[in-house]
Amino acid sequence: MDSSRRQFLGSIGQVTIGAAASIAGANSADAASGSATDATNATGPHWGMVIDLRKCIGCQACTVACIMENDVPEDALRTNVSVYEVVKEGRDPAMVMLPRLCNHCDEPPCIPVCPVGATYKKEGTGEVLVDASVCVGCAYCVQACPYDARFINHETQTADKCTFCVHRTEAGLLPACVETCVGGARIFGDLNDPESTVSRLLAENDVSVLRPEMHTAPNVYYIQLDEALDGRVAGEAAYRPMVTDAPESHGESV
Amino acid sequence: MSTRRNVLKGAVATGALGAFAVGYSETVKKVLRGKWSGEQPRKNVTGNAPDPEYRVTADGQIELNPEQAVSYAMCIGCTSMCGVRVRVDKANNKVLRVSGNPYSPLSTNEFLPYETPVRESLAVLGQSGKGDGMLHRSTACGRGNAVLEQLDNPRRVLKPLKRVGPRGSGQWETISFEQLVEEVVEGGDLFGEGKVAGLREIRDLETPIKADAPEFGPRANGVVMLSSVNDGRDNMNLRWLKKAYGSTNYARHGSYCGGSYRSGSGAMFGNVKKMPHAKPDFEEAEFIIFIGTAPGNAGNPFKRIGALVAEARSSGKLDYVVIDPVLNNAQNGPSGDRSRWLPIIPGTDGALAMGMMRWMFENDRLNKTYLAQPSKAAATAAGEASWTNATHLVIVDENHPRMGKLLRGSDVGMKLAEGAKPYDDSDPYMVASDKGPVPVGDGPAPLFFNALVNGKDGPIAVKTGLTLLREEAERLSYEEYAAACGIPVETITGLAKEFTSHGRKAAVNTHGGMMSGSGFYNAFALMMLNTLIGNLNWKGGTIMLGGWYPDTNGPAYDLAKVVGGVKPKGLPLGRNVPYEKTSEFKAKQAAGKPFPAEGPWYPNAPGLATEWFSSMINGYPYNIEALILRNANPIYGIAGIEHLVPKLKDPSVVPLIISIDPFINESTALADYIVPDTVMYESWGFAKPWNGVPTKITTARWPVVEPKVAKTKDGVPIDVDMFLIATAKRMGLPGFGDAAIPDKDGIMHPLNRPEDFYLRGAVNVATVGGSAVPDASDDDLKVSGVERIRDLLQGTLKPDEWRKAATIFAKGGRYENKDLSYKGEKSAHPYGKPMQVYNEGVGSARSALTGRRSPGVPTWREAEFADGSKVADIYPLSEWPVKVISFKSPLHNSYSVGAKSLLRITASNTVNMARELAEQHGIQNGDQVVLTSPGGSVQGVAVVRDGVAKNTVAIEHGFGHRAFGASDITIDGVTLAGDPRLATGMLQNDLGLVDPTRSKPGVWVDPISGAAVRQALPAKIEKIA
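Chains as they are written, first to last, in the numbering used here: chain A, 193 to 446; chain B, 2 to 1026.
If you are wondering where the hints come from, they were derived from the structure by calculation, not from laboratory data. Incorrect hints may have been included.
If the Cβ cut is set under 10 Å, some of the chain B residues that face chain A in the computed set are [said to hold, decoys possible]:
| # | residue |
| --- | --- |
| 1 | P296 |
| 2 | L343 |
| 3 | P891 |
With a Cα cut of at most 20 Å, we get these calculated SDA-like pairs of lysine to any residue [claimed, not checked]:
| # | chain 1 | residue 1 | chain 2 | residue 2 |
| --- | --- | --- | --- | --- |
| 4 | B | K44 | A | P265 |
| 5 | B | K131 | A | T389 |
| 6 | B | K44 | A | D323 |
| 7 | B | K131 | A | K314 |
| 8 | B | K1001 | B | S427 |
| 9 | A | K314 | B | K44 |
Model, not experiment: these values are computed from the prediction. Glycine included, every Cβ here is placed at the ideal spot set by N, Cα and C.
Using the sequences and the hints given, assemble the complete structure.
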């Protein structure tokens, strides 16, 4: 079941150098064995995103480009940038901009809960997608997603989420959020290709993932993600009083 | 977990998080309704996303989508005016999405060589492009992605409107363009309120505007035009107002934007009217102090700075400090110590700068080799990239008639050259030597000098400019500077040490944070830090805009010239000239008491729209008859102006107000007539960046979609250009009509429609500067969508011109290649005039109200009112303990609510307050609070933050609208109800002050720059029970 690598991911919330790339590969191999996805095309691309938090300026270009590209209905967003003022004892307060989107997990908790098979993982390239013609709008997947990345589209009454802009990537283009990322924080590419920009970034940097304890094998990685924030994925009301104690720790301490 | 962490909900993306929550909560209530209970999207998996605009094959070949166009044009979502690529649904004439133009340095770090074919410019953006398609990544920011919604905004003004109720009542009727032109030109009893003079009558170039004061010029000066920003169409405005109509009164929004910064910079650069300014070389600098400006959070050019700083702090060599009363996105936690935040008491930046200077003088950390060069020749010989007047001698003798001026040869009896007059350009500036004052030469001069020298009429006390600066820096102790700015002594000196530890690869940068009552001197002091290390024109230091390819005056056409035109005369409405030039001064001087004047004057300031409003309501220095606003919103933008609005609503004060604007904003709402205007991608124009690009650049804008506005009876879209052309032709003004534009052979060409002007402008852009761009190929026209205007180009321009002009539109402008940024270690486009360590214009001018002089070198001054009273004396801290500042987010500005998607991300603004201050008042996150200044009060939701300086409250600009759709608009009896979502939040300018020391009402402005004060407003705060 759990590979030792995923255990490693979950335990410290950070992965080191080559491990991340190999995890992605390993999970694809798992998928090929038939747990959640149909099959893996070993020769084609497997899409992933690396988000370098040092480069995010919090301008929300990604957020708006996604709205424009995908005609996202008014009460929802498929991606956005959460902005935090982080205060640590003995340190100056600091700003952290955290871009969030569907993690296109290799072990996606949203897929097994779908009663009608509307949500699926795309063969080969690995996007987690929803076929709206099959979806019945039960919202089980919305509740199952540990990243709060899904919603029910009030216009279609079906589950909706980031598609990694599959209609663009199939046309040889990049996702809208990546194309317009001002700081160059969102980097997209083929995790199967060791020479790709994303693979090289994973090889050269310590990277983290959100909610590592969920063992979702996400395909969205972060550079310089403070562990105080790796669980900060839920939507929160606008003026909620500040968290005064340590936030719930999602990674078990070792 | 050993470390306690406080994680506070971010202040910026609050709306977004809320939206996520809304999406979720709706779903959990849902019961299973069965398949397709909702609307069917266009596609089952990708929903309503349109098909991609083109495809790129694995080998980099492009397949266009025939239903869409991708065109390079210009964004005007802010004043950066970036080059963008606009994706258009051709059949529906609708802009689908906007991202960046990869030729444009404003949108692209690695911008393409200009010779790249248009087809290839699209190919590089696909997965097969270099760096997996991301090397030439070209972007639009959040606002730039959203502002296309302004084109389809349901409250756009599409037809000419005339008020039918009292001014400001929100009642309008539509009128034809022809009626509009007739009424504003001919005047008459236009509103049933009595006769209103039309533009034709007011254009009297002989009768003085003020009977007893000929210095104010003719009655024609009573038509004044306020254009928000040069969006690439200002040349047409200036042609109309100044050269054809003959009024001198033209201004832009600078005096309520960043005017104090510009003035402080202008004082150092030696031009207080054009106010040159430099920017750090973000790509090569090792250490930058951002103070009162926030790279990547706001500022101009927004994206370029944000992208370069993001790159430099992660992959490059830059460490930086953001000094600001409020922590913002400019600081970046994940970058660790490379990006730090230092809070400062609002409006006290000059104290910090002077404290740093004190340490630099005391510890010999000046670039003395640079400062010692008194002339261009000396600087060149020393290998310097610029020079200063640090060594020039200044007359400091109170009894000398030229007190405060720089010592010249004629002052010491030097014989001048044949035909030369004292104090003209050939009368040399003097420096110290063993033998007394000598003219500046081609070698270094003494930095410090303080003595009596022999003048032609006796001894004169002189000092070098640098001596005066040192005295000013040493006037206060470190402890006094620290107390003033709230930054500990060791931090002040530590900053000075760090700043002077990188040679010339360090810089100080500032902007809108300077809009306080000490703004001018704060900015002057901060900028002087750059001069003290000699970083100007050096790689890694501060560099100028690389220049541009002008559209007006090129080798093909002279668009700046008006044959038979007018040269405007008279002193300007904004009083930005010496009071000593007025009849009032002369009369009062003759009576023995020249001071005080009836109101303040600003001899060292540029055109001041802010002061116009005081002038208008007081008739001082003169009354005006017509105000023309062009895409301007001073009633929203000027702190404290709300107090003057009742007078503006009285038509007897300003009898005619015309607003040329796509929207009914707070200022347009006071107009008598509204002229529709084209929005961004519908209009023409050529713009240069504000700053921050080291290479030459002209961004072009052209109608990539059919304008939505109504048309004239001749079928031309109604916009600012067409309104000016039509009114000029009706009045018979020179420079418009069938024979208006001379070409290089002197042959005249028509100016009857906007494209007559802008297409010829494109030919100039294409051919100026000693080289011409290549002709656009048929494929360039096809791929760029310029095919749409092919007939217009061919029909208007000469056969050898039109394909060159087409290239300018196909590539969205003209851009010098990136490899031409530097020459060796120096900037390729250096600033060529000396830095003024001592500005004699500032140092010799007297306040019109007090008769006192101000220092000609940077200094730290507490905020003052016009009569010299300390603000803290009139509004003491004991009663007004809070300082309020205004800041901008990456998303919102004065017109951002016109793009509804931005409100999905930040739906309102909040009262950001320091934790200690909140605790003192028992205020918690989410509490309703009221903030009161001597000028007004606002109410909002408190957000308590550690990232706000002590006793400080910070309010984001862009909310609290009264117009722009926030209130009802009735047109032809049909009411479009106000939308409360557009009215949310507070307008910090409502806290702005009227200066209590002015006898004629006017808002509080900086005494030197004349710019509106919105930073460090005194206030108090209370929780609403």
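| request: Assess, step by step, whether the Cα of B/K131 is no farther than 20 Å from the Cα of A/K314, and give holds or violated. | output: violated, 26 Å
| task | Assess, step by step, whether the Cα of B/K131 is no farther than 20 Å from the Cα of A/T389, and give holds or violated. | result | holds, 10 Å
| query | Against chain A, with CB atoms and a cut of 10 Å, does the hint on B/P296 hold up? | reply | B/P296 check passes; min Cβ-Cβ to chain A is 8 Å, inside 10 Å.
| task | Sort out whether A/D323 lies within 20 Å of B/K44, counting only the CA atoms. | result | Satisfied, since the Cα-Cα distance of roughly 9 Å is no more than 20 Å.
| field | 20 Å Cα cutoff - pair B/K44, A/P265 | value | With Cα atoms ~15 Å apart, B/K44 and A/P265 stay inside 20 Å; holds.
| query | Against chain A, is B/L343 within 10 Å by beta-carbon distance? | reply | holds, 8 Å
| query | With a cut-off of 10 Å, does the beta carbon of B/P891 approach a beta carbon of chain A closely enough for the hint to hold? | reply | holds, 4 Å
| query | Is A/K314 within 20 Å of B/K44, Cα to Cα? | reply | holds, 16 Å
| request: For the pair we were handed, B/K1001 and B/S427, check the Cα-Cα distance against 20 Å. | output: Roughly 43 Å separates the two Cα atoms, so the pair is violated.
The structure fails to meet hints 7, 8 from the earlier list, while all remaining hints are met.
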